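Line by line, the protein sequences give chains W and C. When we follow the numbering used here, the leftmost residue of the first sequence carries the number 11, and every step to the right adds one. When we follow the numbering used here, the leftmost residue of the second sequence carries the number 438, and every step to the right adds one.
Where hints are given, some of them may not hold.
[What the hints assert, rightly or not] Which chain W residues face chain C? A few, computed with CB under 10 angstroms, are given here:
{"#": "1", "residue": "Glu388"}
{"#": "2", "residue": "Thr395"}
{"#": "3", "residue": "Ser398"}
{"#": "4", "residue": "Glu401"}
{"#": "5", "residue": "Glu405"}
{"#": "6", "residue": "Asn421"}
{"#": "7", "residue": "Thr424"}
{"#": "8", "residue": "Arg427"}
[Unchecked claim] Part of the chain C face toward chain W, derived, beta carbon under 7 angstroms:
{"#": "9", "residue": "Asp453"}
{"#": "10", "residue": "Phe457"}
{"#": "11", "residue": "Thr529"}
{"#": "12", "residue": "Ser530"}
{"#": "13", "residue": "Asp552"}
{"#": "14", "residue": "Asn553"}
{"#": "15", "residue": "Phe554"}
{"#": "16", "residue": "Lys558"}
[Stated by the list, open to error] Calculated lysine-lysine pairs in the DSSO-like style (CA-CA distance at most 30 angstroms, straight line):
{"#": "17", "chain 1": "W", "residue 1": "Lys219", "chain 2": "W", "residue 2": "Lys14"}
{"#": "18", "chain 1": "W", "residue 1": "Lys333", "chain 2": "W", "residue 2": "Lys238"}
{"#": "19", "chain 1": "W", "residue 1": "Lys403", "chain 2": "C", "residue 2": "Lys559"}
{"#": "20", "chain 1": "W", "residue 1": "Lys392", "chain 2": "C", "residue 2": "Lys518"}
{"#": "21", "chain 1": "W", "residue 1": "Lys501", "chain 2": "C", "residue 2": "Lys555"}
{"#": "22", "chain 1": "W", "residue 1": "Lys373", "chain 2": "W", "residue 2": "Lys444"}
Quick caveat, the hints were computed from the structure, so don't treat them as lab data. Just so we're clear, the structure is a prediction, and the values are computed from it rather than from any experiment. Glycine included, every Cβ here is placed at the ideal spot set by N, Cα and C.
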Amino acid sequence: MPLKSIYRAPWFVKAVFVISFFLIFFVAGVTYKNMSDLSDSSDLVTEKYEVAIELEQILSYLKDAETGQRGFVIIKDSTYLEPYFSGRENINNSLAELKELIKDEPEQGQNLIELNFLIDNCLANLEQVQRFILKEQNNINSPAFEPLFARGKKIMDQIRAKIKVMLDVQNKKLEINQKEYENNLKVTPIFLYLLMLLSLLLLIGAYFKIISNLKKLEASNQALELFKESANQSEIVSKHGNWTWNIEKDTFSFSDNLYRLLGEEPHSFAPTIANFMKFVHPEDLEKLSAQVEEMKENENLPFIYYRVIHKNGTIKHLKAYGKVVVSGENRRNLLGTTTDITDEIESFRALEKRNLELERNNKELSAFNHVASHDLQEPLRKIQTFLSRLEDKEEDNLSESGLKYMSRIKNAATRMRLLIDDLLQFSRTNKADKVFEVSNINLLLEGAKQDLAEVIARENATINADAFPVINVIPFQIQQLFANLIGNSLKYKSEDRTPEINITYEMVKTESEKLLTNATADSYHKIEFKDNGIGFDNEYAERIFVLFNRLHNKDEYTGTGIGLSICKKIIENHQGFIFANGETGVGATFTIYIPVV
Amino acid sequence: MNEDYIHIVLADDDEDDRLFFTDAFEELKITTKVQTYNDGVYLMDYLNSEDAILPNVLFLDLNMPRKNGMECLKEIKANEKFADIAIAIYSTSASEEDIENTFIHGANIYIKKPDNFKKLKKALSEVVTINWQYHTSGLNKDNFLLRL
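Isolated chain C, as found in the complex:
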């Protein structure tokens, strides 16, 4: 793990959302390295590649073409190699079903995409600064969904 910056990866098929995401981190005063991928297939190709630098926090959109967020989540959780990656679900929907399913399959936090840029920045900054060790040990269904 590199001490200088937090390595962040986002998989989202929506160009606007990727733009908001990278813009938000640019404006935040946190040293981060942000990489984005256009869908689940690109993401998994990267993660599985030999020279991949595994991210500290992975943001996963659920609704993506080819390979959706849920499939990615299952693949990542099935592989020991990715055990240290904190996974944040980053979705438009906040349906009970999606929250429950991703929680069961081992995601660490669920973020409903905010409708306001300030809120987005706040959410992202909170997520990347979480003490994951602490958060994960006390994880339950109530604090799984990030409340702003």
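Chain W with its partners taken away, still in its complex shape:
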């Protein structure tokens, strides 16, 4: 599409105008030349006719003179000689006229000289005839007269011949000129017409191009208008303002919203640095002035933070960024953006405050948990020790109900001990100093089984496990997790069958796991503990992980409701997930996901 690309080129209109200008100039030149040719050739025609007329006139004067002379010869009345006398003068006038007409043509000039000579001869001859008549008394029969007369006729014939020659020359010249002119006339009009047509076409093209450019300009003007409006809006919404600083001229322009950031109406004061500085917080003034000076020198600067005070006393935090843009002949403009970050700073401060509070709360809670469980242990231990001494020494002295009460007290103390131990473990799981190590998970599982060896043996439980890869974990916590889950399964075993726990391992992609809805990693280590115990109603699948939450009465199953909370805590420490799924009377499945790193 070379034509189209030429049409679309930005220089198209300019080129068309230059070409058209030259075309029209050329056409005008050619036309002028043609016109002048035409006038030349009509001059030539006129000249030819004038020459012919003069020549005819000369001939006619000569004839008149000759005729008059003949009359004189016959009638012998001298009045007949009148044309001869006037003829002489008239012929001379005509000759002068002719000479003027053909002064540029040497050939005709020569002919004219010859003609002149012949005319002189002719007139001389006529004069001789007259003299002869007067001298010989009209003796026209004299032998001397006849040759004179004959000579007159001969000269006349020669004059006629010469005039014909001259007319021929003139005609011929006219003919050539005519032919040339006709030739020119045949070609040039078509050529000129085509040229005019071409430049017309070009101009039409340029016209459409200009129209379409205008339309585009209008469209982009509208778009620009829209953009300006949306920029305005976005400045207002995002609380920022723009400014331009022409460094050479030291002039500023502020966007509307920059005024608003200062709590003023747009363009309510002249945009100068002095006026702007009036709003700056006194404590920030010095620093900002220094940074503004620095802006002029450096191409790129870090963000500048400062405060401004509105007229109503409100303090706003602003953040500014400037960049030097060099355009044209070293015109340096500093383009800047200023943003109101008061909300940001306030919410950041609020967040910081709340974070600190939260941290303090957490610390307090953790300390409380630790201290409580530690300090609670001491009196409890003493209660238990005294109870054991009472049992040893005073058992025989107690009544039956006394013994029953003592047994109850012992149970209560044992349960409290369990609670305190579990709480202590839970608070330990909370501790921040978790060290991740690339660990052999198979060994950790073995460790957990050893911790529970007694129970496993007692329940005659079967534990099947896949082989695990090494995983980056907090080893003692994972062993704890395994022990808690196995312990849980053994505790809630079914009375009808020997406990069996199947532990499976699989590495999975996040997208293929329905349970992982807000996972951050791409793939996970998935470990599943499936038992054949009493299971639970899935309604409680989430509640069982909540601290102190129990599904069973403590008379049926001992327990504190902390074990699974510890599991959840451990898995959260590993940025993983734990899910429970149960079916009453069939069994429970615990699924653990640990991110692959």
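Add chain C to chain W, keeping to what the hints say.
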């Protein structure tokens, strides 16, 4: 070293615990001489006194006012004079941190105060009858905590 009895010293601020401790040794059929002190300051004053008879086994509670068990342990271990005393930590807590710290600072055994008088007697009798020479040479973090 007196051959007739084993000299035992306990530093513990808790009156009940001191009572359990002395009662337990009274019931045990071992010839011992038990002395108790109410905190670390009293203990160190005694040990540093001119006429002090240094104990064979020293039981140290960790959590005591004025001067705690840990400070006592460091002072004793820093002094050549006390090199022969076997030190048993005797505490309510059995936190990893406490066990690790006392082990590093040279205690010989760690006893978590039992919640049963029979267990207490058993623990104390085991500790005082240990062949310390043998125990100390094969000491490691695993057998440091006395298991009952």
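Evaluated hints:
1. Given hint, Glu388(W) at the interface with chain C, holds; its Cβ is 5 angstroms from that chain's nearest Cβ, closer than 10 angstroms.
2. Evaluation of the Thr395(W) hint against chain C yields a held restraint, the C-beta minimum of about 5 angstroms falling below 10 angstroms.
3. The interface hint given for Ser398(W) is met, as the beta carbon of that residue sits about 4 angstroms from the closest beta carbon of chain C, less than 10 angstroms.
4. Here the hint on Glu401(W) is kept, as its CB sits about 9 angstroms from the closest CB of chain C, short of 10 angstroms.
5. A least Cβ separation of about 13 angstroms between Glu405(W) and chain C goes past the 10 angstroms threshold, and the interface hint is therefore violated.
6. Because the closest C-beta pair between Asn421(W) and chain C is about 14 angstroms apart, greater than 10 angstroms, the hint is violated.
7. For the restraint placing Thr424(W) at the interface with chain C, the shortest Cβ-Cβ distance is roughly 9 angstroms, inside the 10 angstroms limit, so the hint holds.
8. Given the 10 angstroms rule on beta carbons, the hint for Arg427(W) holds: about 7 angstroms separates it from the nearest Cβ of chain C.
9. A hinted interface residue such as Asp453(C) counts as satisfied when its beta carbon comes closer than 7 angstroms to some beta carbon of chain W; here the least separation is about 5 angstroms, so the hint holds.
10. With a least beta-carbon distance of about 6 angstroms to chain W, the hint placing Phe457(C) at the interface is held under the 7 angstroms criterion.
11. With a cut of 7 angstroms, the hint placing Thr529(C) at the interface with chain W holds, because the nearest CB-to-CB distance is about 5 angstroms.
12. Because the closest C-beta pair between Ser530(C) and chain W is about 6 angstroms apart, less than 7 angstroms, the hint holds.
13. Here the hint on Asp552(C) is kept, as its CB sits about 4 angstroms from the closest CB of chain W, short of 7 angstroms.
14. The beta carbon of Asn553(C) is positioned within 7 angstroms of a beta carbon in chain W (closest approach about 4 angstroms), and the interface hint is therefore held.
15. Given the 7 angstroms rule on beta carbons, the hint for Phe554(C) holds: about 4 angstroms separates it from the nearest Cβ of chain W.
16. For the restraint placing Lys558(C) at the interface with chain W, the shortest Cβ-Cβ distance is roughly 10 angstroms, beyond the 7 angstroms limit, so the hint is violated.
17. Distance check on the hinted pair: Lys219(W) and Lys14(W) sit about 11 angstroms apart at the alpha-carbon level, within 30 angstroms; holds.
18. The hinted pair formed by Lys333(W) and Lys238(W) meets the criterion: a straight-line CA distance of about 21 angstroms does not exceed 30 angstroms.
19. A hinted pair counts as satisfied when its Cα atoms are at most 30 angstroms apart, and Lys403(W) with Lys559(C) qualifies at roughly 17 angstroms.
20. Using a Cα cut-off of 30 angstroms, the hinted pair Lys392(W) and Lys518(C) is violated, with the two alpha carbons roughly 35 angstroms apart.
21. Restraint check for Lys501(W) and Lys555(C): the C-alpha separation of about 29 angstroms stays at or below 30 angstroms, so the hint holds.
22. Under the criterion of a C-alpha separation no larger than 30 angstroms, the hint pairing Lys373(W) with Lys444(W) is consistent with the structure, at around 16 angstroms.
Hint compliance for this structure: hints 5, 6, 16, 20 are broken, all remaining hints hold.
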